[in-house]
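Using the sequences and the accompanying hints, generate a full structural model.
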Amino acid sequence: MSRARFASRVNWLAASNGEIQGARHSLHERMRHDHLITSKQFSRADIETVLDYAAEIDADPSAVADRHAGTLLGLLFFEPSTRTKMSFETAMKRLGGDVVDMGSIESSSVKKGETLADTVRVIEGYADALVLRHPKEGAATMASEFVDVPLVNAGDGAGQHPTQTMLDLYTIRENAGLDDLTIGIMGDLKYGRTVHSLAYALTNFDAHQHFISPESLQLPREVVYDLHQQDAPGIREHDSLEEILPSLDVLYVTRIQRERFPDENEYQKVAGEYQIDSDTLEAASDDLTIMHPLPRVDEIAPEIDETEHAAYFEQAHNGVPVRMALLDLLLSDDKAIGGEGDE
Amino acid sequence: MSNDHDHHDGNDEHELRVSKIRDGTVIDHVRGGQALNVLAILGIDGSDGEEVSVGMNVPSDRLARKDIVKVEGRELSQDEVDVLSLIAPDATINIVRDFDVVEKHRVERPDVVDGVLSCPNAGCITTSGEPVTSRFAVLEDGVRCGYCGTIVREEIASLIDT
Ligand SMILES: [Zn+2]
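First to last, the protein sequences are chains A and B. Convert by adding 50 to the 1-based position in the first sequence; the result is the number in this note's numbering. Convert by adding 432 to the 1-based position in the second sequence; the result is the number in this note's numbering.
Source of the hints: derived by calculation from the structure; they are not laboratory data. Heads up, a few of these hints could be off.
To be verified - A few chain A positions that, by computed beta-carbon distances, are all more than 10 Å from chain B:
#1 Ser76
#2 Ser131
#3 Gly153
#4 Leu166
#5 Ala189
#6 Ala321
#7 Gln325
#8 Asp337
Claimed, not checked - Per label pair, the in silico range of CB-to-CB distance:
#9 A/Pro130 - B/Arg494: 55 to 61 Å
#10 B/Ser479 - A/Glu164: 19 to 25 Å
#11 B/Arg494 - A/Glu309: 28 to 34 Å
#12 A/Asp168 - B/His537: 41 to 47 Å
#13 B/Pro552 - A/Asp383: 38 to 44 Å
#14 B/Glu587 - A/Pro283: 33 to 39 Å
#15 A/Asp151 - B/Glu572: 54 to 60 Å
#16 B/Gly464 - A/Arg82: 51 to 57 Å
#17 A/Pro283 - B/Gly464: 42 to 48 Å
#18 A/Glu129 - B/Gly547: 24 to 30 Å
#19 B/Glu587 - A/Thr132: 39 to 45 Å
#20 A/Asp229 - B/Asp477: 56 to 62 Å
#21 B/Glu586 - A/Pro130: 54 to 60 Å
#22 B/Glu572 - A/Gly227: 34 to 40 Å
Positions of the beta carbon are idealized from the N, C-alpha and C atoms, including for glycine.
Given below as structure tokens:
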């Protein structure tokens, strides 16, 4: 064993928090230069390791401020999403790196009919890792087969959005804990990728999940199939919030989009039933945490913002430390992720 | 429908349909009505000049009505025929050399099917003009797109990429 490696091992063993460091090391070994496509990739231990690391970064971002100086993250957003894009950009810059941005679709080669497979192979030459948002399901899986640099799925159609899931889990853990959890997930469950991604990840925990939606926007049967395959402790579907609200620790609200309905009347009728205001919350527990992936339209009344229930702005903020943790795990070459040792 | 005219020289027409090719493959015990789907899955359309015979809705002991497909001059491999299990799970494969059946085996369900089926999800990346081959995982009771996750349980034959 070389001296450096031996020293590094001693360092591991000596670390005050040896076990956590060890878990992070093994997750890093697996994630390094790998792709981040779906929340199905993560075990419970993996999730806890990422969340612990994100909490460490959140407490002291300066400790990792130069870790990725000179690293370039390529941003390929085929759907407009200013917020997710900015969150990745902030995370990369706070790690000391920078981004290269494909820009809007209108001004790019995509407009000229270039395939996604070609686009990612070109941008791969400019960047050390790629972040992809695309309207088609399976886009990230396919793109990852064409590139060697790590590729992060930032949303593929109605599919998955694993980094959003990690920041959702982080927020749930901070506010309510991930075990012995009763969570209501409400709104557009059919097309909502954040819902699909989160529901799967929660099967790693002792979480009872209640899905609340109009019939036309229920969870796709593929997602239900996956949840049952996971032996999730409790999965129930409801068409109204009323019966289940008092028992919830967390209520995760998503937007119901007008374009999912054939006509305006139908939309207004349904959307009104899935809105939260202070009257709705009279039946809720005092400790209820309300989350929303944002942007919201009118699903949550502004009067809720000032209450103890509201966690959605905190949730958005959590995107930065969580993405910093994930990017660091994907991009680092060294052994001491999290930086106890300087080997 | 039968194109067996070359070999209509025996009394046992059943036996005749199964064995009388010189060299090649006989796919027997195909569910009635699925023979053309079998050819589609195998990518055999006669355009390469191969001699193909199809018997449809032939009386059978094991199945009420069965189809038979015979391909002269081509021995199909296990990998090639396993994909048939999706639409013809009872099919038997007979490899024929010089009029004798030299190998006989059943189709087995593969774990994955590459390139034969096309995803029915219009929102799937594999149906968007990308240079990618479809891939389906074979479940106990259906198939699942390896890209978008769509599960198909019924009418799998309608997904055959022709
Ligand atoms: Zn698909």
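### Message
For the hint 28 to 34 Å, verify it against the beta carbon of B/Arg494 and that of A/Glu309.
### Response
violated (52 Å)
### Query
For A/Ser131, is the shortest beta carbon distance to chain B beyond 10 Å?
Holds, because the least Cβ-Cβ distance between A/Ser131 and chain B comes to about 17 Å, which exceeds 10 Å.
### Query
Taking the beta carbons of B/Glu587 and A/Thr132, is their distance inside 39 to 45 Å?
Given about 42 Å between the Cβ atoms, the range holds.
### Query
Lying within 38 to 44 Å: is that true of the beta-carbon distance B/Pro552 to A/Asp383?
holds (43 Å)
### Task
Evaluate the given range 19 to 25 Å for the C-beta pair formed by B/Ser479 and A/Glu164.
Violated: the Cβ-Cβ distance is about 32 Å, outside 19 to 25 Å.
### Query
Taking 55 to 61 Å as the hint, is the beta-carbon distance of A/Pro130 and B/Arg494 inside that range?
Holds, at about 58 Å.
### Message
A range of 41 to 47 Å was offered for this pair. Does it hold for the Cβ distance of A/Asp168 and B/His537?
### Response
With a Cβ separation near 43 Å, A/Asp168 and B/His537 satisfy 41 to 47 Å, so the hint holds.
### Message
Does A/Leu166 clear chain B by more than 10 Å, comparing its Cβ with all Cβ atoms of that chain?
### Response
violated (6 Å)
### Message
Quick check on a hinted range of 54 to 60 Å for A/Asp151 and B/Glu572, using CB atoms only.
### Response
Once the Cβ atoms are compared, 45 Å apart, the range 54 to 60 Å for B/Glu572 and A/Asp151 is violated.
### Task
Take a quick look at A/Ser76 and tell me if its Cβ sits farther than 10 Å from every Cβ on chain B, holds or violated.
With a cut-off of 10 Å, A/Ser76 remains clear of chain B, as the shortest Cβ separation is near 27 Å.
### Task
Decide, holds or violated, for the assertion that all CB atoms of chain B are farther than 10 Å from the CB of A/Ala321.
holds (23 Å)
### Query
Falls inside 54 to 60 Å, the C-beta gap from B/Glu586 to A/Pro130?
violated (37 Å)
Going down the numbered hints, you'll see the structure goes against 4, 5, 10, 11, 15, 21, while the others check out.
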